[in-house]
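Top line first, the protein sequences correspond to chains A and P.
All the letters of the first sequence, read from the start, carry residue numbers 43 to 331 under this note's numbering.
All the letters of the second sequence, read from the start, carry residue numbers 2 to 239 under this note's numbering.
If you are wondering where the hints come from, they were derived from the structure by calculation, not from laboratory data.
Using N, Cα and C, we set each Cβ at its ideal position, and we do this for glycine too.
Covered stretches of chain A, going by a simulated chain P footprint (3 or more residues, C-beta under 8 Å):
#: 1; region: 207 to 219
#: 2; region: 223 to 231
Stretches of chain P that chain A covers, calculated by requiring three or more beta carbons in the stretch to come under 8 Å of a beta carbon on chain A:
#: 3; region: 66 to 77
#: 4; region: 93 to 106
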Amino acid sequence: MELLLFDGFNGLIQGAFYALMALGLSLIISLNSVINFAHGGFMVVGAYLAFTLAPYIGFWPALFAGPILAGILGILVERTLVRSMYGRSDPIYSLLLTFGFALIIEDVVRTIWGAQGVPFEIPAALGSPVSTTYFFLTGYRLFVIAAIGLATIALFAFLRLSRFGIRIRAGILDLETVSALGVNVYLLRSVNFAIGTLLAGFAGVLAAGVLQLAPTMGDDVIMATFVAVVVGGIGSLFGSVLGGLLIGLAAGITTAYYPAASDVVIYVIMAVVLIVRPRGLLGQEGLFE
Amino acid sequence: MSATVLKIENVHTYYGKSHILHGVSMEVAEGEIVTLLGRNGAGKTTTLRSLSGLTPAREGRIEILGHDTTRWPAYKIARLGVGYVPEGRRIFPNLTVLENLAVPMTRPGYWSVDRVLELFPNLRERRDSWGRQLSGGEQEMLAIARALLVNPKLLLLDEPSQGLAPLLVHEVFRVVASMREQGISILLVEQNARFGLEVADRVYVLNDGQMIHSGPAQELAKDEVRVRALAGAGASEA
Numbered sequence: 043m044e045l046l047l048f049d050g051f052n053g054l055i056q057g058a059f060y061a062l063m064a065l066g067l068s069l070i071i072s073l074n075s076v077i078n079f080a081h082g083g084f085m086v087v088g089a090y091l092a093f094t095l096a097p098y099i100g101f102w103p104a105l106f107a108g109p110i111l112a113g114i115l116g117i118l119v120e121r122t123l124v125r126s127m128y129g130r131s132d133p134i135y136s137l138l139l140t141f142g143f144a145l146i147i148e149d150v151v152r153t154i155w156g157a158q159g160v161p162f163e164i165p166a167a168l169g170s171p172v173s174t175t176y177f178f179l180t181g182y183r184l185f186v187i188a189a190i191g192l193a194t195i196a197l198f199a200f201l202r203l204s205r206f207g208i209r210i211r212a213g214i215l216d217l218e219t220v221s222a223l224g225v226n227v228y229l230l231r232s233v234n235f236a237i238g239t240l241l242a243g244f245a246g247v248l249a250a251g252v253l254q255l256a257p258t259m260g261d262d263v264i265m266a267t268f269v270a271v272v273v274g275g276i277g278s279l280f281g282s283v284l285g286g287l288l289i290g291l292a293a294g295i296t297t298a299y300y301p302a303a304s305d306v307v308i309y310v311i312m313a314v315v316l317i318v319r320p321r322g323l324l325g326q327e328g329l330f331e
Numbered sequence: 002m003s004a005t006v007l008k009i010e011n012v013h014t015y016y017g018k019s020h021i022l023h024g025v026s027m028e029v030a031e032g033e034i035v036t037l038l039g040r041n042g043a044g045k046t047t048t049l050r051s052l053s054g055l056t057p058a059r060e061g062r063i064e065i066l067g068h069d070t071t072r073w074p075a076y077k078i079a080r081l082g083v084g085y086v087p088e089g090r091r092i093f094p095n096l097t098v099l100e101n102l103a104v105p106m107t108r109p110g111y112w113s114v115d116r117v118l119e120l121f122p123n124l125r126e127r128r129d130s131w132g133r134q135l136s137g138g139e140q141e142m143l144a145i146a147r148a149l150l151v152n153p154k155l156l157l158l159d160e161p162s163q164g165l166a167p168l169l170v171h172e173v174f175r176v177v178a179s180m181r182e183q184g185i186s187i188l189l190v191e192q193n194a195r196f197g198l199e200v201a202d203r204v205y206v207l208n209d210g211q212m213i214h215s216g217p218a219q220e221l222a223k224d225e226v227r228v229r230a231l232a233g234a235g236a237s238e239a
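Use the sequences and the hints to build the structure in full.
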């Protein structure tokens, strides 16, 4: 039972990371119509920048500085590279572009910070287990769940309550009409891309404290993130959160019973969803069926 | 003669390789209501899309409020003071009525969210309903309200009467006519020729991407046979 709780909690943490990554990816797919293969790369960049800055500015400021810098990098990439893909109806171009960019990020990180993983120091207050029975419940792990929960709530509040957020939601379904109403859709897409990469950077910093930093840490997450978006339903942000948590938990619980299958299970879930309900759990009707 | 709000000269517009508009020219003066009639596929919607920058003209010149807007992006044209009510309304279904009204980039002027809700009391009652829950008439009102929030000097209306019951067509008619008092110029695309001619000062008729008639609306309204010949058999139905 304790083993199940342990693996289940690990799965929940994993799922929370997938959910946060999937949210950003989903925003970018929906409004920028770009399948951002470099999403894991932005996660790595956010993590390493926070790691580099933390000794100078401290853990807490670095926790925010890393993601913000990942967001700024996102704006630069959108303006210089991604924007030229908007006119092309075939998604293969943006997929190849961002895939290439993901490889570049990984190599740049390897060149600057080295191929070996490096540990990310977290505040001592967060490092110790909360209880001796449930040794896996460290303060940091609980903090990660709370932080991801807060980031998710903040994003939904922004999309629901701010004018900019409302325009993003409008643009997801009908960007042309949004532009005909006087909204600068180029700016809207830039900022949206930056929000997506900022969330990826935030996931990166938080993940760095659980695992350790490595240039390839994005690779391990990006496929599961795509699965989370597909399972939740493309175009649905709630779906991305749900999809992320679902596959994380499923992988965790599978680990308790049959560890060898824990990687496979998320693809099995995706296959089942695609066969039974191609639009995904909360996806809109008509996109894929 | 009052100032010209819109002037288009020899406009050619394409969808990909298909050539839709073959040298269209027309004008709208300040405070004027102009109706554009024509059969299905004549190029009426394409004309409005060229004006609003959604499908830019490949040749020719479009001048709005003294600016050459031929190559402008749609959002800059809207910010100049062009309100656009697209064909099929294109309400955002995943947004509430109030959220739909939060999307436009508002220019300073008479129209505010409060004022448009005063103009359309139905929308006030349904302000928290989702766009997808609205009836056709309510969607039309919302699309007009949304365009008014830009505080337009020129309003482009694409088939506002489409799919509406006669009573609602009259409601739209009333609103369009009242825009004239606001000094808003209107370019109206219509299949419903009776409505289009009744409300307008002048009329243009488009066929196969070319203007085949222009003149005072009253003159054409008297000649139903001519309307039918120019704008198609269905055009004179109420």
